[in-house]
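Asker: Sequence:
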Amino acid sequence: MRTVTVSKIKKLKTSIEGFLESEKRMKETLQKENTILYQTKQIAENDFLKKINEASAIIKIQEEDILLLQKSNEETEAEMQAGLPGLNELKLKLLEANNTIARIKGQVESKEKKIRNSANT
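Just so you know, we're using this note's numbering here: the sequence shown kicks off at 1 and counts up by one.
No lab work stands behind these hints: they were computed from the structure.
We treat Cβ as the ideally placed atom computed from N, Cα and C, and that holds for glycine.
Incorrect hints may appear among the rest.
Distance condition first, Cα-Cα at most 30 angstroms in a straight line; then the derived DSS-like pairs of lysine-lysine [what the hints assert, rightly or not]:
#1 K71 <-> K91
#2 K113 <-> K41
#3 K11 <-> K27
#4 K114 <-> K51
#5 K41 <-> K27
#6 K10 <-> K24
#7 K32 <-> K51
Distance windows between CB atoms, simulated [stated by the list, open to error]:
#8 Q70 <-> R116: 26 to 36 angstroms
#9 N73 <-> E109: 12 to 22 angstroms
#10 K93 <-> L37: 53 to 63 angstroms
#11 K13 <-> K50: 48 to 58 angstroms
#12 L37 <-> I9: 33 to 43 angstroms
#13 L67 <-> S110: 13 to 23 angstroms
#14 N53 <-> V108: 19 to 29 angstroms
#15 D47 <-> K13: 50 to 60 angstroms
#16 S56 <-> I115: 10 to 20 angstroms
#17 N34 <-> I61: 33 to 43 angstroms
#18 E112 <-> F48: 10 to 20 angstroms
#19 I36 <-> S56: 23 to 33 angstroms
#20 E63 <-> G86: 25 to 35 angstroms
#21 E63 <-> R116: 14 to 24 angstroms
Please put together the full structure from these sequences, using the hints given.
Answerer: This is the structure in structure tokens:
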């Protein structure tokens, strides 16, 4: 009877040891997966921060360009009101050309941004 009890206890001990080993392996696997996920999250955050900084730089340049265009437009209007007819016509053409250049530049930057985004994806 005692040997039967000892045998059952040994089987139970072996079973528990196997269960504990299995749990240790599962814990190690989950820790590795957690580390990988954290690293992936950090990489994604860094990429997003980089894209935000690039977009901010582009926006800043565009805002500066807009301010320059507004200043040029104001100067042109002031000269037009001063009454120089031949110069007014040339200034109007220059104004239209500047606006066209700004519009094209904005379109090119927009397309470049889309290309960069699609290349990163």
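Asker: Are the hints correct? Go through all of them and say.
Answerer: Here is what the structure says about each hint:
no., hint, in the structure
1, K71 <-> K91, "13 angstroms, holds"
2, K113 <-> K41, "23 angstroms, holds"
3, K11 <-> K27, "24 angstroms, holds"
4, K114 <-> K51, "12 angstroms, holds"
5, K41 <-> K27, "21 angstroms, holds"
6, K10 <-> K24, "21 angstroms, holds"
7, K32 <-> K51, "29 angstroms, holds"
8, Q70 <-> R116: 26 to 36 angstroms, "28 angstroms, holds"
9, N73 <-> E109: 12 to 22 angstroms, "21 angstroms, holds"
10, K93 <-> L37: 53 to 63 angstroms, "59 angstroms, holds"
11, K13 <-> K50: 48 to 58 angstroms, "56 angstroms, holds"
12, L37 <-> I9: 33 to 43 angstroms, "41 angstroms, holds"
13, L67 <-> S110: 13 to 23 angstroms, "20 angstroms, holds"
14, N53 <-> V108: 19 to 29 angstroms, "20 angstroms, holds"
15, D47 <-> K13: 50 to 60 angstroms, "51 angstroms, holds"
16, S56 <-> I115: 10 to 20 angstroms, "19 angstroms, holds"
17, N34 <-> I61: 33 to 43 angstroms, "41 angstroms, holds"
18, E112 <-> F48: 10 to 20 angstroms, "19 angstroms, holds"
19, I36 <-> S56: 23 to 33 angstroms, "31 angstroms, holds"
20, E63 <-> G86: 25 to 35 angstroms, "33 angstroms, holds"
21, E63 <-> R116: 14 to 24 angstroms, "20 angstroms, holds"
Hint compliance for this structure: every hint is met.
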